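Visitor: What follows is each chain in one-letter form.
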Amino acid sequence: MKKSLLCVFLLLTLAPPMLLCWLGVRMVRDEEAAFQAQRQQLYVSRLESLRRDVSRVMLDKRRILGAALKKEIEKASLHDVRWDVPESGRLAVVDARGRLLFPTNISDSAMVAFCECALRIEREGRNASTEEAVAARPGSVPNAVDRGINASPDVPNMPNAPFDRTQRGASISQNKQSVGTLAQARGQQERQPQDVDSQMANQPVVMQQDMPQQDILPQDTSQYDMRQNAPAARMMPSQALNMEQGATLMPTPVLPPEGEGWQTWFWGEGLGLVFWKRDAQGRLWAADISRARLMADVIAALPDGGEPMGGHMCLMDAKGSLLYQWGQVFSDERKTSISKPDATLPLDAPLGAWRLTFQSHTVLAAASHTAIYGVLGAVVAIFCGLACYFYREATRELRLAGQRVSFVNQVSHELKTPLTNIRLYAELLDDDIMDAGGREKVEVILSESDRLGRLIANVLAYARQQRGKLRLHPVQDVPDVVISRALAHFEPAFQKHHMPWTFDGHVAEACRFDPDVLEQILNNLFSNAVKYAHGAPISVTSMREGNVLRVRVQDHGRGIPASKRETVFIPFMRLDDRLTEGVSGTGIGLSVSRELAILHGGNVTIESSDEGALFLVEVMLS
Amino acid sequence: MKFLIAEDDEHTRAGLCEIVENEGHQPLPAADGDEALAVFHREKPDFVCLDIMMPGQDGYSLCREIRRLDQRVPIVFISAKSEEVDTVLGLELGADDFIVKPFGVREVAARIRAITRRRLAWEADNVGHATQAFRVMDLEVFPSELRAVRGEERIDLSLRDVRILELFYLNPGRVLGRDEIFNHVWGVDYFPNSRTLDQHISQLRKRIEVDPRHPRIIVTVHGAGYRFQEDEAESSD
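If you read the protein sequences in the order shown, they are chains S and X.
2 is the number of the first residue of the first sequence in the working numbering; add one for each residue after it.
62 is the number of the first residue of the second sequence in the working numbering; add one for each residue after it.
FYI, nobody ran anything at the bench for these hints, they're computed from the structure.
Do not take every clue at face value.
[Unchecked claim] Examples of chain X residues toward chain S, derived with CB under 8 Å:
#1 76
#2 79
#3 162
#4 164
#5 233
#6 260
Keep in mind that this is a model prediction, so the values were computed, not measured.
Positions of the beta carbon are idealized from the N, C-alpha and C atoms, including for glycine.
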């Protein structure tokens, strides 16, 4: 098959299934993506639900701790402070100057670390307030709050680790505009939204506080300076007015406003939480949240045992360590195969460093994908099978034809080559032999080789005729010359079998016809005459009637019965099939002669004759 | 002239070589396509005879290659002519003719002589090496046409025949010994057997003598050689 045709064939047979596969795969992927998105949404909504549960816990704790701190704050003296809140193990109080007021007696390292944390909280809050106050003046330095303050230098900047100072930064900017009384400030202390959900949308609330009253201010403002970490002082209202007027004044300390919030810190066993509250006097009250209690409360808010959605839920800390898990527990092998959970959601502040993860067990889409891929594969296989079938059928004829051609070529070559040698060497020998006896033998070799050549020619012509491959090669030639040549070839045989021959030719002009075809037809007729009409004369005549060449071959043998005048032209049908007949031959001579004549636009027929057989050969001349 | 005979069957190849030699030319045998191409490059033959089905390069590819190198050299295919495509393809590749198996000596000789005539005519036109016609008794010999005429009779001659006749024509009445005839007609490097000349003279007589048994043109001189007598001479055969 030509390459171009093969390419087109392959394109036509492979393009549709490939397109189908592409569409199918795309459809599967889109479906899978949609499924994944839906599933992801489901997971995330479940995690958000859990997050809200945890946030409620933290809100409750804030409420409890806020109330407890308020109670302690309202006590007349720090000596009256008794801190025995279950949620919190430690309490520290730091004044506006950064001095630790409570506890007075520190016994263990944990308390030391906690107090240091409280001091940092107070200091950084005070610094933030001072910087913001400075920033409020023209030409001031940028707000230090934006740097992200943390209680512990070891704590990395958590993206969701809120520091309420940002809120206080907002409150400070508001304080620039309203200088109120402590009572007013205290009256606004409890401004906490009660709706958990609305709080989910916002950050944890910071108390909006006004500037404390003047009577709380330390009288000696010279003790304050603007160095970083130095105790800050509250700004005088007159100074504030001067600020508003844009005058350039000496920097003065600012008393941090009241507020409360959470602060994370890391110590020892890991994440710790501090709830702080700043009173009207600028003192910072910090309560440490018991980690164990925190864990217990958080875990209590989370499901235990099974998970309604199935799968595996985990609560992980900032380092990726597992804090809590529930649902279907994976085997160790499955755990190692999990590279990424199906969904992850960080908790709300102040537990933003923790996150919830979900890993599903089921692979719901696999079944449907397998079915689709199976169908696509079957379709592709069918197309490929059909393509192979058609290609094979299309080339089968070519292969068979090739085999036949190859067979004919091979037979032709293998038979004709030795025949050529026989004839060639017989003729060469004929030139060398002088005696009559030797020459006679050579003549036998030559005549038999000619006979063998005719047989081979008939067999090959028959084979070609079976394949419809008989072809004419018309050339300009003289019919009588061709006839004479054929008679000359049979001269030895005629002489041997005592068959005097005559030729009456009337077509001596050049015509266009296939001389080999005419000669092969005549050879077959002469050969039959030698076989069946030996010992009797044979006459040949030629004439032309219009464009038809007519050659008659008349022998005087036993003839052919009228009933068999068509039968003898059937391949392999002989006049007498008896083995004892002693006539050699393949039985295809007359069949081939007729086919050749028909190919040449004519025919070979048997005419009525008084004696012997009269063959009429008609050939169309161009 | 040098004739390249590319035929894998050794008997056919040897037979063709003998025919070429008998015609007075030098055969260059090759048993396969690759050897034939090597011989062509080395010898630059005047005539190429190619079998189609050969080991190595087949006849078609060899013809294509030879035509690429030489557009003029005559190329004849030896074909079993099993399919028309063989003939068409061969002619399209640049072959000049086909010799169809089974063929005989005369067919090959006729082809060789046709080629030789064309070559002699070309030499006459381009090289200026014209060979004039000459007469030996009543036989008019036309060397460039490889033909002799006696009255109405036309006799085809081989190149060797022409050379023999030319030699005798140039040495009338003189006995020419075997060695002299061989050197002139076959070449000094040729070492024939003792019967070669006699056989060739015998064949030549069959063609040119009125009565080959009583030759008049080429007369045998026993023990010496052969002689051409312009006047009538008795035959000693």
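Visitor: With a cut-off of 8 Å, does the beta carbon of residue 164 of chain X approach a beta carbon of chain S closely enough for the hint to hold?
Guide: Nearest chain S Cβ about 6 Å off; hint holds.
Visitor: At a threshold of 8 Å, is the proposed contact between residue 76 of chain X and chain S supported by beta-carbon distances?
Guide: OK, holds: residue 76 of chain X within 8 Å of chain S, min 4 Å.
Visitor: How about residue 162 of chain X: closest beta carbon in chain S under 8 Å, or not?
Guide: holds, 4 Å
Visitor: Is the hint on residue 260 of chain X kept, meaning its closest Cβ partner in chain S is under 8 Å away?
Guide: Residue 260 of chain X check passes; min Cβ-Cβ to chain S is 6 Å, inside 8 Å.
Visitor: Measuring from the C-beta of residue 233 of chain X to each C-beta in chain S, is the shortest one below 8 Å?
Guide: violated, 28 Å
Visitor: Using 8 Å as the Cβ threshold, decide whether residue 79 of chain X counts as touching chain S.
Guide: holds, 6 Å
Violated hint for the displayed structure: number 5, the only one.
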